[in-house]
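Chains as they are written, first to last, in this note's numbering: chain A, 224 to 840; chain B, 791 to 1165.
Hints were generated in silico from the structure; no laboratory data involved.
Hints may be right or wrong, so weigh each one.
If we take Cβ atoms under 8 Å as the criterion, some of the chain B residues that face chain A in the derived model are [claimed, not checked]:
{"#": "1", "residue": "Gly-798"}
{"#": "2", "residue": "Thr-802"}
{"#": "3", "residue": "Val-1155"}
{"#": "4", "residue": "Asn-1159"}
In silico SDA-like links for lysine to any residue, alpha-carbon gap of 20 Å or less [unchecked claim]:
{"#": "5", "chain 1": "B", "residue 1": "Lys-800", "chain 2": "A", "residue 2": "Lys-406"}
{"#": "6", "chain 1": "B", "residue 1": "Lys-800", "chain 2": "B", "residue 2": "Ser-1138"}
{"#": "7", "chain 1": "A", "residue 1": "Lys-406", "chain 2": "B", "residue 2": "Ala-937"}
Cβ pair distances, simulated, as ranges [as the list claims (entries may be wrong)]:
{"#": "8", "chain 1": "B", "residue 1": "Leu-863", "chain 2": "A", "residue 2": "Arg-362", "range": "28 to 34 Å"}
{"#": "9", "chain 1": "B", "residue 1": "Lys-893", "chain 2": "A", "residue 2": "Arg-375", "range": "25 to 31 Å"}
{"#": "10", "chain 1": "B", "residue 1": "Lys-887", "chain 2": "A", "residue 2": "Ala-434", "range": "36 to 42 Å"}
{"#": "11", "chain 1": "B", "residue 1": "Lys-871", "chain 2": "A", "residue 2": "Arg-375", "range": "53 to 59 Å"}
{"#": "12", "chain 1": "A", "residue 1": "His-373", "chain 2": "B", "residue 2": "Thr-971", "range": "23 to 29 Å"}
{"#": "13", "chain 1": "A", "residue 1": "Asp-774", "chain 2": "B", "residue 2": "Pro-1128", "range": "39 to 45 Å"}
C-beta: ideal position from N, C-alpha, C; glycine also.
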Amino acid sequence: MAKMNPEDIKVILATDCGSTTTKAILIEKRDGEYRLIVRGEAPTTVEAPFEDVTKGVLNAVGEVEELSGRKLLDENEKIITPANGNVGTDIYISTSSAGGGLQMMVAGVVRSMTAESAERAALGAGAIVMDVIASNDKRLPHQQIERIRHLRPDMILLSGGIDGGTTTHVVEIAELISAADPKPRLGSGYQLPIIYAGNKEATEAVKQTLAHKVDLRTVPNIRPVLERENLGPAREEIHELFMEHVMAQAPGYRKLMSWADAPIMPTPGAVGLIIKIIADMEGIEAVGVDIGGATTDVFSVFRPEGSEGVFNRTVSANLGMSYSISNVFAEATLPMVMRWAPFHMDERDLRNRVKNKMIRPTTIPQSMEELIFEQAIAKEALRLAFIQHKNFATVLKGVQQQRTIADAFEQTASGATIVNMMSLDILVGSGGVLSHAPRRQQSALMLIDAFLPEGITRLAVDSIFMMPQLGVLSTVQKQAATEVFNKDCLIHLGACVAPIGEVKKPGPMMNYKINIPDGKVEGTLEFGQMKLIKLGFDEKGNPLKAKAELDPLKGFDLGHGKGAKFETELSGGVVGIILDGRGRPFILPEDDNTRVAKLKEWMLELDIYPKKALERL
Amino acid sequence: MGHAYTPGLKVTEKILVTKNRILPLKGEVIVKKGDRVKPDDVVARTHLPGTVEPVNVANILGLPPEDISEAMLKKQGDPVKEGELIARSKSFFGLFKSECKAKISGTVESISHVTGQVLLRGAPIPVEVKAYVTGEVVDIFEKEGVAISTWGSFIQGIFGIGGETHGEIKIVVPDNTAILTDKLINESCKGKVIVGGSMVTADAIKMAAKVGAAGIVTGGFDDKDLRDFLGYDLGVAITGSEEIGISLIVTEGFGQINMAQKTFDLLRSKEGKLACINGATQIRAGVIRPEVIIPFEFDIHSKSTKSDFRELGLRAGSPVRVIRHPYFGQLGTVIDLPAPLMQLGSESHARVLEVEFKDGVRAVVPRANVEMIES
C-alpha cells in the first residue's frame, strides 16, 4: 500500500491478534478530532483447524463493517484502501500476541548488571523472558547449557561487558550457547536469531563462536559504560527479527504483514509505547497494569529526580485470573487472599473453586460471593505483580554514586527502586477483572488496595482494551492515538487522596475543603476511615476538576511534607474523589471480627457492593 | 459472540482416533504404513546430543587462554574417557605438573583460545517413541514420526496428572456416586486402570501407586489431596511430566462430583478391555485435555457417520452441565436462550440461558458457565 501523509489519514482500521480473540477497531476523524467509531471481535485463527491468522482478522473486520456500515473488504476479502466516502480505510495496522507472543531468552555476564539490562530491553520490546542466563546465576555451566537447549526461544539477546572491558566472560557465555545449539521455537527451516549487544571488543570472538550455528546480528552495546544503558538499538533489532522470523513463521502472518501499513508489533510492546507517549506528552509519572488470564504486565514511567522519563515493563508470567489463578493462590497464600473478603470460607471448598476456575478458565462469577472472592484474588495478583515491578524498575545497579554527607543518612543504595508512589500521577488498569467489573468503584478499590497509592493519584481503567492498537497507531499518527486514548480508551475513575503515616490509636489525620460544583465539601478524615466525594464530568465528557485545600495533620504527609497544608486541584470521574485514611503503610486489623467490620464499612462507604449482599454474607 | 459457550468434553462410544507420534528431534522411523502396532511397540527413535561438560583448562592449568593449545593432549573431535588426561601444563624443570582430566566420557567438542574453555560432549542419549495405542500406522512423517489410527471409545477428562500408560479397565466402586478409597484397592489392581465414582482420596492414589496400578479415572478430586500427593501446590495447569508412578484422570472437576452417568456406564461396559490413558493437561493456548482411549478392532478406513455434537451449538433441548458455583456439577437441559444480556447476582451483565435440572428445578445461569454434553 502507498504511504500516506499522517495528516491525510481520516479513517483507521486497527487489529490486535490476541491468543484467543482478535479485536478490530475503527477510528474516524470527525469534526476535527479522531474518535473510536466501533469495535468488533472474533476468535483468533492461528491454531488448527484454520491455521491462518487472517481469517480471524477478516471475521473481526467483518463485524466492524456490520456495526459501522462502512465497507472495508472487497469481494476478494481484501481490505480496501484508501478511504472514499463510506468505503475503505486510509490505513490498516496490527499488533499480535497470538501463538504465545514473542518468547526470548536473554544472557549477560553479571545478573544484576548487563543481564538485567538485556532483560529490560527484551521486556520493553514486548517479549516474554523465558530465562536469564548469567555468569553468576549460581547454575553450573552444564546446567545452563541444558536449560538453553530445552528452552526453544524465538530469539536470544546476548549482552555482557562494557565497551573496552574484559571480553572473556561474554565469550564464555557465547560458547555455552554454541554448545547448547539451541533451536528456534517455530519451524526448523531457519537458524535461531541471536542479537549480540555486548562489549564491542568481543564482537569478533563472539562471531567466531556463534556465526556458523545461528543467525547472528550485532547491535551497539546495551551497556556501553556502567552508568548508562543504551536499550534502543537492541529493542529495534528485536522488533525487526520479530517481523522477519517469528511473524513470518506463524500461520498466515506473511499475508497479514503484506496488508499492514506499519510493522506488526508485539502486543505488550505497543501497550508500553502508548503509555510512554502519554506520560511524556503530559510530563507525568504513570503506571499501567494489564491483568490477563495467564499473565500480568506492569508498565511504568517515572522521572527520578526530575530526569527524563524512565520506562519499565515487567511480565509476571504466572499471575493471572484464570489459567494462572491457582498460582496466585500458591504465591500469595490463602490468608493473604482471604483477608480482602468480608466473610469466611471453608479452605477445602475454596481451594477446589480456585482449581475449577483454572481448568475452566472462561467461566464468570454468577453470585455476589463469587465476585467478591474473585476480586480478592485480583488484588493479590496485582499486588504481587507490582512488587516484582518495583524490584525490577531500579536505578542502574553496579554504579558508584557520589554521595554527600546528607546522602549518607539516607539509605538509598545502588539498585534502589525508582517507583515512587508519592510522585505517581496516574494509575491505569486494564484486563477483564478491572475493565469489566460490574461497578467502577470495584475497579478503583482493587487498584487502591493492590497498589496502595500515596498522596494524590488519578485512577483510570481501559474501557475495552484498545491500548495495543493505539500503541501501534502512535507510530503512524500520534495525534489520532492520543486523542482516542484520552477520549475513548480511558475511563476516568477519579482521584485517590491517601496521606502517608500511621498512628497508634484512631484520630483525625486530615482536614479538607473541596469545591465541587454543588458547593464546598469540608470535613475531617479520621485515621482508618474512607470517604467518597462525588465529582463527575463536564458537558464535553471531560473529568471535572475541583479546587481543594488539604491539610494533613501532624505526622501525616501528602507529598508536601509532614503536616504541610496546600492547595491543589483534584480530578473527578465515574467514581469521584476517594479519601483513603487507612494510612501508609497499610495494615488490616489482625482481629478477624474487626477486619471484617472494617472491610464492610469501607465497602459500604464507597458503595462497592450492595448493602444487602454485605449484610447477608 | 454466537459461540459464547464451552464446547464440553468428548465422551463417545465409537470414534476414529488418530495419534501423531513425533520425535523431539529428527531420527529414524522404524515402522511402515499399514503395520499393526501395540502400545509398547517402538515406532521411531533418535539420539539427543549428549550433555556438555565445560572444563576451564586455562584456569585449572594456570595458563593464559591463548596458550592452552600447547598444553592440550587431545584435539577437537577426539574421543575421551572419564578420568582420562586431556591437558597437561609444561612443568618448571619437570618438577611441578598441572593436569586436567575429563569429567565425562565423550568427545572434545571445542577448544577456545579466548576463554581457555574446553567443551566435552557426552555420548548421545537414545530416545524412543512408543505407539501408545493399539492400532494401524496410517501415515509416516519422514524422519519425524508416524500417525496411528484406531477405532475406539474415547473419553476426555478435564484434568489429569502423569503421562501415557495403559492397562485393563477395572471398576472398583458400585456406582458413579461412590468414593474411591484405599480400602477398595488391592494387589488385583496391579497394572490396571481403576475406575472410581465421585472422588478419589489421597490414600487411595497412594495405595494404587503402591500396588502398581497403571492409572485411575475418577469424577472428582480434592485439591488439598492433590497437594498432599504431589508434595507441592500446582500453580499452572501444565501437567503430564510428573513422575508419580501412576496417571490420574479427573472427568468432572475438583471436589466431590459424581462421574457423569454416561462416562461411568461406558467404562463399566468396557471392563476388562485395554485402556490407553494420558493425564497430560495444558490449559493455555493449544489446549490439551487428559484422555482415555479404549481401542477396538474395526476397519480404520470406514467413515465415521456421527456428526460432532459440539458443531450444532447450544440450543433449547441441549443437555448441559453447569461448571461454576452456585450450581456447579449439576446436569440439566437448556429450556431457553434469551438474546438480551441479563443481570446476574454479581451485577455483571452477560448472556444467559435457562436450564432445567434433573430434579425439575429451573435456574438462569451465564452461558459461559455451562458446557455441552453429548446426549
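Here is what the structure says about each hint:
Residue-level restraint check for Gly-798 of chain B is violated (minimum Cβ-Cβ distance to chain A is 11 Å; threshold 8 Å). Hint status for Thr-802 of chain B: violated, given a least beta-carbon distance of 19 Å to chain A, over 8 Å. Residue-level restraint check for Val-1155 of chain B holds (minimum Cβ-Cβ distance to chain A is 6 Å; threshold 8 Å). Nearest Cβ of chain A to the Cβ of Asn-1159 of chain B: about 5 Å, under the 8 Å cut. The hint holds.
For the hint linking Lys-800 of chain B to Lys-406 of chain A, the alpha-carbon distance of about 35 Å lies beyond 20 Å, and the restraint is violated. Distance restraint check for Lys-800 of chain B and Ser-1138 of chain B: the Cα-Cα separation of roughly 30 Å exceeds the 20 Å cut-off, and the hinted pair is therefore not satisfied. With a CA separation close to 24 Å, the supplied pair Lys-406 of chain A and Ala-937 of chain B exceeds the 20 Å bound. For Leu-863 of chain B paired with Arg-362 of chain A, a C-beta distance near 29 Å keeps the hint of 28 to 34 Å intact.
Distance hint check: the CB atoms of Lys-893 of chain B and Arg-375 of chain A are about 27 Å apart, consistent with the given range 25 to 31 Å. At about 37 Å, the CB distance of Lys-887 of chain B to Ala-434 of chain A agrees with the hint of 36 to 42 Å. Take Lys-871 of chain B and Arg-375 of chain A: their Cβ atoms lie about 32 Å apart, and the range 53 to 59 Å is violated. For His-373 of chain A and Thr-971 of chain B, the hinted distance range of 23 to 29 Å is not satisfied, since their beta carbons lie about 39 Å from each other.
A hinted range of 39 to 45 Å for the beta carbons of Asp-774 of chain A and Pro-1128 of chain B is inconsistent with their spacing of about 54 Å.
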